[in-house]
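Chemist: Residue numbers (the numbering used here), protein chains in the order written: chain A, 1 to 229; chain B, 230 to 458; chain C, 459 to 753; chain D, 754 to 1048.
To be clear, the hints were calculated from the coordinates, so they are not data collected in a lab. No experiment lies behind these values; they were computed from the predicted model shown. Keep in mind that the hints are not guaranteed to be accurate.
As the list claims (entries may be wrong) - DSS-like, lysine-lysine: derived pairs with alpha carbons at most 25 Å apart:
# : chain 1 : residue 1 : chain 2 : residue 2
1 : B       : K244      : B       : K310
2 : A       : K93       : B       : K322
3 : B       : K322      : A       : K95
4 : A       : K95       : B       : K244
5 : A       : K93       : B       : K324
6 : B       : K310      : A       : K15
7 : B       : K244      : A       : K93
Claimed, not checked - If we take Cβ atoms under 10 Å as the criterion, some of the chain B residues that face chain D in the derived model are:
#  : residue
8  : L305
9  : F332
10 : G338
11 : S340
12 : A343
13 : R384
14 : R451
15 : Y454
Glycine is no exception: its CB is placed at the ideal position from the N, C-alpha and C atoms.
Single-letter residue listing:
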Amino acid sequence: MLNVKEVSQRYPGSKQYALQDITLTVGSGEFVFLVGQSGAGKSTLLRLLFREYLPSSGLITYRGRNLARFNGRELLNYRRKIGMVFQDFRLLKQKTVFENVAFALEVVGHSPQAVRKAVPEALAQVGLLDRRHAFPAELSGGEQQRVGIARAMVRKPQLILADEPTGNVDPDTALQLMELFAAINKTGTTIVIATHASDMVDRLRQRVVQLERGRVVRDDKRGGYVGEL
Amino acid sequence: MLNVKEVSQRYPGSKQYALQDITLTVGSGEFVFLVGQSGAGKSTLLRLLFREYLPSSGLITYRGRNLARFNGRELLNYRRKIGMVFQDFRLLKQKTVFENVAFALEVVGHSPQAVRKAVPEALAQVGLLDRRHAFPAELSGGEQQRVGIARAMVRKPQLILADEPTGNVDPDTALQLMELFAAINKTGTTIVIATHASDMVDRLRQRVVQLERGRVVRDDKRGGYVGEL
Amino acid sequence: MNFNSLRYSLRQGIVSLRRNTILALVTTTMVAISLGVLGGFMLLSANVRHVVRTIESNVEIAVFAAMDADVTALYSQLSTLQSVREVILVPRDEGLRELGLALGDAELFQVFTPQNNPLPDVFRVRVRAAAEVSSAAEAIRGMPGVDTVDYGEEIVAQLLAITRWASSLFVATSALLGFGAIFLVIAIIRLSVMARQEEIGVMKYLGASNGFIRLPFFLEGTVMGLLGALLASLVLWLLYDALSASVQNMALPLLLTPVTGIALLGPIFGGILILGTAVGAFGSLLAIRRYLHDH
Amino acid sequence: MNFNSLRYSLRQGIVSLRRNTILALVTTTMVAISLGVLGGFMLLSANVRHVVRTIESNVEIAVFAAMDADVTALYSQLSTLQSVREVILVPRDEGLRELGLALGDAELFQVFTPQNNPLPDVFRVRVRAAAEVSSAAEAIRGMPGVDTVDYGEEIVAQLLAITRWASSLFVATSALLGFGAIFLVIAIIRLSVMARQEEIGVMKYLGASNGFIRLPFFLEGTVMGLLGALLASLVLWLLYDALSASVQNMALPLLLTPVTGIALLGPIFGGILILGTAVGAFGSLLAIRRYLHDH
Ligand SMILES: Nc1ncnc2c1ncn2[C@@H]1O[C@H](COP(=O)(O)OP(=O)(O)OP(=O)(O)O)[C@@H](O)[C@H]1O
Ligand SMILES: Nc1ncnc2c1ncn2[C@@H]1O[C@H](COP(=O)(O)OP(=O)(O)OP(=O)(O)O)[C@@H](O)[C@H]1O
Ligand SMILES: [Mg+2]
Ligand SMILES: [Mg+2]
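One chain only, chain A, in its complex shape (with noise of 0.2 Å):
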């Protein structure tokens, strides 16, 4: 599904690499823990997955085609089949949880009915349907991540990219939500997460893709979250 050849990134005005020289494929359907070091490059490997901007050379494509070809038509139809979940959440401080994740389907022209069937759904699967009517300011910073995630989840996407999606819950909650990916991707749906969470990533047993300082340094069919702890 997704095919990443030959990857690298410098960020404008930095000396050094955030990612260098990354090859790696995606298959449909597969789950992938990205793991690494705080700053090893996990964020901007996913930040040029979505095409939040193109990598400085390298060649990145979904389902064949070249994410750098993609006109401005093309790119707004890959973005609304991924569902992205931020590592700084990036809700909209004006709306409130409900409305928050109704606008992900809003944008893409859903209607109200659908709206008022999904939503719903959506935050009671990260437990959240009892907070819908409040602002992003009066939750707590799992709250908030939890909106994230079913703003993700809502518009049931072919990918999902998650940053970091558990940072702000307790273990059990962690729990929970990487069970809910589990379930989404057994659906069909392809998911990347990027994790510092250890035991989960542990106990999933997944395809682990670790990097180090910008590069792959490890990629096990199955394996675990290997650190010094």
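Guided by the hints, dock chains B, C and D with the ligands onto chain A, whose structure is given.
Modeler: Positioned in the frame of chain A, the structure of chains B, C and D with the ligands alone reads:
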């Protein structure tokens, strides 16, 4: 040092109590982990200790003085004694890493020489000395979080309140940071950390206060993280 | 952009106006102030033009008939001139009386009788516009029975100069004020868009089309522009009405009658409304443009 | 607030102006535009007042001497009147010549000789201000040797009415524009503060005193206000200079000479500079006030 007595907090417009009837004492030089599910009230408690706002009811005292009675000047002096790590970092987007940390000193009128000496030390402690000229938007999530920690520590405060300070870093880095907090604690600084990092809590074996739906359900002298996992 | 999106945008524009009330109020007031100043200036300019035109059409050509002229023939000949608006005959006896009055002592002039009256018959001719005075005077000079033709050549030349000068000043200042107003409104809208930059970014990440992102801002800008223009028109109209009433009450000389006709004021107030709405609409489009084309 | 903090604030104000260049430019331009409009209006008003005053002081009282009057005595008596600015004697012979010229045909008047000249000696008296005309006329009427006193009573009354009306209009409009400008600038600064609300919050959490938070905004606001005022003054001055030169080139009638003296323009340009700086300084203080007193 800090005395919390029968404190309840209900946010305006909310039906439920975020904190209910909390009574707690934090002694000078103590190291306290605040644990509990997402939405249990950890951040709320830290915000009350920081006097971000006053509790709906109950009494909080610092060295015997009622936080609610502070006038402008006293509040200022109180906050200057505290190093706060925010769950959402709260870095100044317009300032570089160096400037963000330096700001904590400049605000209280330190001289440029003192700033030039203390800031690089603090940045080195969190491993960010080489990123000092970057702006927050140019940092990874974990790097931003560490800037927040450096900013809290640079003033060598009497009290550090840290809200989920390792949610965005890998376990190795998290351990380093926790050991840093422990080292600072050894010098006499009181430390209260709200966290979901169960393995860190289990490793450090410090006092653990567990919240559940706004109530204290456990307070162990040398406890571990108790959860389903 | 389907029907759901359209409906969504409409609702969103309203919600956003309600949630960003302060910002919306500030923008609306700014639009109102800048359009108000522009409109006030245009009203002033309309009035000055009106006064100048009144003066212009009051410029008189004095036509002194020869002593032996056929006064009636000359009268009808003068009246048929294209550019002439009015011809008044001042017979020589009447002229003598007027002269006496003008000099402040009518009695002194009783030494003159119709027989030794030194004055000729005089026609006072008024033309339609100052620009036509000199050609009309030229034409009259050639008529039979005309002795002398006299008009304030200098004054007419100066009036023409003033008119030309004032109208270019007015056009220039109006343009300046207009651009100022447009720039101001766009700047304000840009600030309000800047404050919502993050929101726009999130919309793009969620796959919103440019049109979808643009529409609520466009509606908001249009509404703010229109409201501002309405406010400006209302205040301006009330002020102008009060002012012109006070001018008329003072019974100032004819020259200072204010313009009140709908034909003259209509375009100004209409222009304010159109300008305000257009600036709001296009200003908002312009303001978000660069947030849309990043990637 | 110690020396380190002060130095920090100064540096910070500059850094902030540099990093928020667009916002700073917008604010500065807004200040410039609003002050420019205000200043332009005040220049206009100064000129109108100047014209009115010129007209006023040109109002003439025609004093017709009695046929047997002692003209020299009357002349010196008129000249000693407090309110009188100028006295011109038009001897009866001269008067006759002028009349002939005025009527367009001097030859006709050769029927008059110094012996049968029906005109009296006339004094043209000019007073200092329109308001003094009627009292002066009254005083003159009582002087020995005066036959008739005549002046444009109606015109003087109207001029006075216009003057009074125009000055209240000018004061009102200036006040309105001034308030508009102040409101505008404060609104803009408030927007710029709103955009940095988060920053202010963080400063408070770090234990910054209100003075410390305020100072950079204050400096920024002052600099923006001053720069805007300078810009407005510069543009206004260039425009005004060009305009008044063009007016003078056109050799318009004396009435339209523009005001150019430093004594008259100084207060206007000085006022703009002071107003701009004050509005920038206090506007910024006002704008952050409510972000400081939350908790
Ligand atoms: N916009 C940017 N400009 C310059 N450098 C950047 C930018 N964004 C990231 N970097 C740098 O690139 C490197 C990789 O960043 P990235 O965000 O991909 O790390 P990460 O693996 O997600 O880390 P974390 O686990 O802390 O979130 C880091 O050193 C970071 O400082
Ligand atoms: N400003 C607010 N207004 C209304 N409700 C709030 C507000 N802030 C927090 N809450 C609610 O209060 C409860 C406790 O929030 P708090 O942020 O203290 O939780 P927490 O223990 O820090 O959770 P997390 O681990 O997810 O950060 C939550 O249910 C939250 O939704
Ligand atoms: Mg990251
Ligand atoms: Mg929290």
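Chemist: Taking the hints in turn, state whether each one holds.
Modeler: Okay, the hints, checked on the actual structure:
| no. | hint | verdict |
| --- | --- | --- |
| 1 | B:K244 / B:K310 | 34 Å, violated |
| 2 | A:K93 / B:K322 | 17 Å, holds |
| 3 | B:K322 / A:K95 | 23 Å, holds |
| 4 | A:K95 / B:K244 | 20 Å, holds |
| 5 | A:K93 / B:K324 | 23 Å, holds |
| 6 | B:K310 / A:K15 | 38 Å, violated |
| 7 | B:K244 / A:K93 | 21 Å, holds |
| 8 | L305 | 5 Å, holds |
| 9 | F332 | 7 Å, holds |
| 10 | G338 | 5 Å, holds |
| 11 | S340 | 5 Å, holds |
| 12 | A343 | 9 Å, holds |
| 13 | R384 | 9 Å, holds |
| 14 | R451 | 32 Å, violated |
| 15 | Y454 | 28 Å, violated |
When each numbered hint is compared with the structure, violations occur for hints 1, 6, 14 and 15.
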